[in-house]
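A.B. asks: Here the structure of chain A is known, so what remains is to put chains B and C in place on it, guided by the hints.
Residue numbers (our numbering), protein chains in the order written: chain A, 1 to 318; chain B, 1 to 318; chain C, 1 to 318.
There could be a bad hint or two in this list.
All copies of an identical chain are treated as equivalent in the list; a pair is satisfied when it fits inside any one copy or across any two copies.
With a Cα cut of at most 20 Å, we get these calculated SDA-like pairs of lysine to any residue [said to hold, decoys possible]:
1) Lys47 to Ser79
2) Lys47 to Gly315
3) Lys253 to Arg128
4) Lys47 to Asp163
5) Lys202 to Glu250
6) Lys131 to Gly142
7) Lys47 to Ala314
8) Lys207 to Pro23
9) Lys261 to Asp228
Hints are computed from structural coordinates only; laboratory data are not their basis.
Here are the chains, one letter per residue:
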Amino acid sequence: MSANLQLDSQGRLVHLLTTEGLPRSLILHILDTAAQFVSVNEREVKKVPLLRGKSIFNVFFENSTRTRTTFEIAAKRLSADVINLNIGSSSTAKGETLLDTVWNLQAMDADMFVVRHAEAGAPHLIARHVKPGVHVVNAGDGRHAHPTQGLLDMYTIRHYKQDFSRLVVAIVGDVLHSRVARSQIHALTTLGVPEVRVVGPKTLLPKDVERLGVRVFHDVAAGLRDCDVVITLRLQNERMSGPLLPSAGEFNKTYGLTPEKLALAKPDAIVMHPGPINRGVEIDSGVADGTHSVIMPQVTFGIAVRMAVMAILAGNDR
Amino acid sequence: MSANLQLDSQGRLVHLLTTEGLPRSLILHILDTAAQFVSVNEREVKKVPLLRGKSIFNVFFENSTRTRTTFEIAAKRLSADVINLNIGSSSTAKGETLLDTVWNLQAMDADMFVVRHAEAGAPHLIARHVKPGVHVVNAGDGRHAHPTQGLLDMYTIRHYKQDFSRLVVAIVGDVLHSRVARSQIHALTTLGVPEVRVVGPKTLLPKDVERLGVRVFHDVAAGLRDCDVVITLRLQNERMSGPLLPSAGEFNKTYGLTPEKLALAKPDAIVMHPGPINRGVEIDSGVADGTHSVIMPQVTFGIAVRMAVMAILAGNDR
Amino acid sequence: MSANLQLDSQGRLVHLLTTEGLPRSLILHILDTAAQFVSVNEREVKKVPLLRGKSIFNVFFENSTRTRTTFEIAAKRLSADVINLNIGSSSTAKGETLLDTVWNLQAMDADMFVVRHAEAGAPHLIARHVKPGVHVVNAGDGRHAHPTQGLLDMYTIRHYKQDFSRLVVAIVGDVLHSRVARSQIHALTTLGVPEVRVVGPKTLLPKDVERLGVRVFHDVAAGLRDCDVVITLRLQNERMSGPLLPSAGEFNKTYGLTPEKLALAKPDAIVMHPGPINRGVEIDSGVADGTHSVIMPQVTFGIAVRMAVMAILAGNDR
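Chain A with its partners taken away, still in its complex shape (with noise of 0.2 Å):
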C-alpha cells in the first residue's frame, strides 16, 4: 500500500514515505543524483536553480531542529521558498486538525511538504490527501520510518563499499524503538546485501524481527565478527521506559561500541550513526572520532540525498 501511494502509476516517485517496497532502480536513481548534488556542495556557489519559484513547508508536528535543519539547506540550495512551521505550538493547539492543517497550507500552493510527526502514518495519511503535484517527504513518523536518513546511509556504504551484494551489516543498539533501523533494513534487503544482522538485547530488539530479512544476534561479540559496516543506534532515553530496559550505562558495558568490540569486525569496517551521538554510551568517543568512523560524512551526504530527493519529487510533475 505504502509502495503504491508514493509511486505513480508509471512507477515514477510522487512521495517518499518509506523504504519499504521501494525498487531498487529507484533507490540507485536516487543515490546516482544524490552523487551530482555532493559535488553542487563542494563548489563555492553552492546553490543550483532547479527548485526556484517553489513553495517547500517543513511541518514539523514533532520538534527537530537538526532534522529540519537538513531539509531546510537542501532546499534553499535548491533555490525554493521554505517555510518553516513547529505546528505543536500553533493551530493543532487551536483545535485544528492534521488534515486541516494541511490543506490551509495546500491552498496557499504549496508544491512540498517535509513532514516529521510523533504518530507513525501520519505522513501516509497526509499523502492520500494532497491535490495532485503535491508532494509529500517523511522526516521521521513515529517508530515506523524515516526514509531520507535510510537513504543517505546506503549512499554511505554505496560510497566506501562499492558493491553492496557481498556486504555483512550489522545494525546495533536499540532496534525496537529505532524508525531509522527500519528504514535501513528495507534499503539493504532491496539493495541485495546479504547479511544484514541486529544485534541487542531481547528487549530492545522488534518481536518477529526476522521476517523483516534479517539475523538476530543478542551476543555482540558475535554480531560483530566480520562485519564490513556497523550501524549504531542513538539509545532514545526519551522514548523508553519500563523495567526490562538496561540503564544507559549497563547498555554501554555490553553493547556500546568501543575500539575493543570494533576490533572483532573486518580491519576496513565503517562506523554509522545517525546522530546525535551519546559519547559513552552507545558509542565511545574512541570509535566516533576514530578513523572507521564516517558519521560526518554521512551528515554531508544527507544533504545531498534530500537535495536529490527533492529535485527528483519535483521533476516528476512535468
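C.D. replies: The following block gives chains B and C in isolation, referenced to the frame of chain A:
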C-alpha cells in the same frame, strides 16, 4: 483618522491598517492587483521580482503561525527578504517599549512591517511613528481589525458572485470578539452590498452594532434566509469568558452551521470561514467540506491579496 | 592567542572573535568596507551577490532575537542562505556536546557560523575546531566579547568625530557584566583614543580595569566632564545579583544619563548605547531621544559593519 493615516496626500495607500474608511476605488484596485497574483501562484515558478532587495519584518507580538505564514510566503513570492520576529519572547521581555522595538528595526533599513498585536491600535501607533517610505500592514490587532482578511473575503465574494450590488451577506456567530467581522462589515458596506446581516446571540454581538450599517438577527433561521453569502466566524474560545456566554455545545446547537440551516440560504450560496475552523462548533464538517464551501479558495486568494497589498505599498514609494 | 586564532599566517581575518589584539589596520579595513555597505542599504534594492550560494548558520546557544536579526538581515543582503538555530531548545538538550553540534553543521558544508553563547570562550573553542575555510563570528560570549558591537561603535564614532586621536570617551555604567564595554575598550585603545574612561560604582567595575588602559571614575560628574563621546551601557538586570549592587532606581539617580549630567560633556558630545535601552534606568528619554543621541544610527551602521565582516571573511578564502 485611520483613513488619513493609511493614505498619503494624493490618496495613495501608504499603510494598510483597517478597511474602515478605505475608499471603494482603492479596495477594487487591491482586488484587481490580487487577480494578477492569483495567476502567478498557479505558475510553475511562483515568483516575481517586484520586492527584490526589500526587507520585510513580520513582527508578531501575538503568536500566529498561520497568519505569519501567509505573509511570509506572499513576501517571498515577491522576492523580498523576510525576517520573522516573535516579539513575545524577545526584547519586550527585556523591558523595551513597542516603539523602541520598531525604531530599532526601522534603523536596520526596514521597508515594511507586518504587525500583529493583542492590543487594538498598536499598528496605528507604529504607523504614526515610522519614517516616510516605511509601510505598516496590520495583521490583526486585538478585536479591532484584520484588514487583509477582510479584503481576501471581498476577493472571494467577487470571484463567486461578481457583483456586490445585489447581495445578501450574513455574518454568523461571535461578532463581538471578531476583528475579522469588523473588517468584513466595513468592506462590504463600502463595496455597496445592500444587506449585511449579523446573526448571533446578544451576548456575542457588539452593542449598537447596527450603527455599522448591518441588520441584526438573533434568530438564525431568519438570519440565513435567502442569503447569497454565509460567513461563519471562529468561536474564539480563548477570548471568551463570563457566565452569559454559551458553551461550544450550546452554540453549535443554535448557531452552528449545519446542512439543514444552510438549506435556508439561496441554493447557490457560498460558505466562508476565516479559519482555522472548529469542526462541530461553529460549522459542521458536512458544510465545511461540502459543495457550498469556499474556505480553501479563501486561503488561496489570501496569498494573492497579501502580495497585492505589499506590492502596492512598495510601489507607492516611487 | 585570540589574535593568532582570528588571523591567518598572512595576517588576514579568518574569524572575528574579539577586538582584543585586532590590528589597527584591520579595524580600519572593516570600517572602510562597512562604509560601502551603508550606501548599499540606502538603495532601493538593498542586495549584493557577494555571498550567493554560501550557507551561514546563526547558532544561538543564548536567545537574542535582536542580535540574531541584525546578522540575519546582513547575511540576506549579501545574498547568503541563512539558517537560524536556537540551540537551547535543540540537540544540546539531547545530550549533544557543543563541538558535536558544530561538527554536524560543518558537515552540511557550512561556510560561516555566527555564534552567541552564555559561556565566555565558546566561539574560540569552535574556531579552534572548524575546518579551514569555515569562519566563526562571535555574536557575544558571556561577559567576554561582542566584537561586531564594538566595531559598529567605532564606525559610529568615526562617522561623527572623524579622528580618534583627540577624543575623550566615557563608558558609563555596568562595565563589570558588559562584553560590549570590553570590546569597545580594546578597539578604542587600538585606534589611538588618548583618554578612555570608565564611570561607575566600584561594584559594577571590574577589578584592575585600569590595566586595560582606561581611567576609572566613580564620580559621574568628573567622569563626564569634557567628553566627546558618552557611551551608556545597558543595566543587565538579568545578570546582576548580590546585596552590594544598586537597585535600578538608585542606579538611575547616581549614574543614569540625564540632560543635566550630559551638559557636563562637550557641547557637541554624542551619546551612544548598545541597546535595548532601559528608559529611566541607565538613560533618560530626554537624552535617548535628544539631539546628542546617535543610538539609531548605531543600529543602521551595525548592519553595514556585520555585512563588512562577513564579506571580508568570505573573501579571505580565495
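A.B. asks: For each hint, tell me whether it holds in the structure or not.
C.D. replies: To see whether the hints hold, each was checked on the structure:
For the homomeric pair Lys47 and Ser79, the shortest alpha-carbon distances inside one copy (7 Å) and between copies (11 Å) are both at most 20 Å. Taking the closest pair of Cα atoms, Lys47 and Gly315 come within 20 Å of each other both inside a single copy (17 Å) and across two copies (18 Å). For a Cα distance limit of 20 Å, the shortest separation of Lys253 from Arg128 qualifies neither inside one copy, at 45 Å, nor across copies, at 32 Å. Neither within a single protomer nor between protomers do Lys47 and Asp163 lie at most 20 Å apart by alpha-carbon distance, with minima of 30 Å and 43 Å respectively.
Taking the closest pair of Cα atoms, Lys202 and Glu250 come within 20 Å of each other only inside a single copy of the chain (14 Å); across copies the shortest separation is 53 Å, beyond that limit. Taking CA atoms no more than 20 Å apart as the test, Lys131 paired with Gly142 passes in neither setting, with 24 Å inside one copy and 35 Å between copies. Proximity of Lys47 and Ala314 under a CA criterion of 20 Å is satisfied in both settings, with 16 Å inside one chain copy and 16 Å between copies. In this assembly of identical chains, Lys207 and Pro23 lie within 20 Å of each other by CA distance neither inside one copy nor across copies; the values are 26 Å within and 65 Å between.
In this assembly of identical chains, Lys261 and Asp228 lie within 20 Å of each other by CA distance solely inside one copy; the values are 14 Å within and 68 Å between copies.
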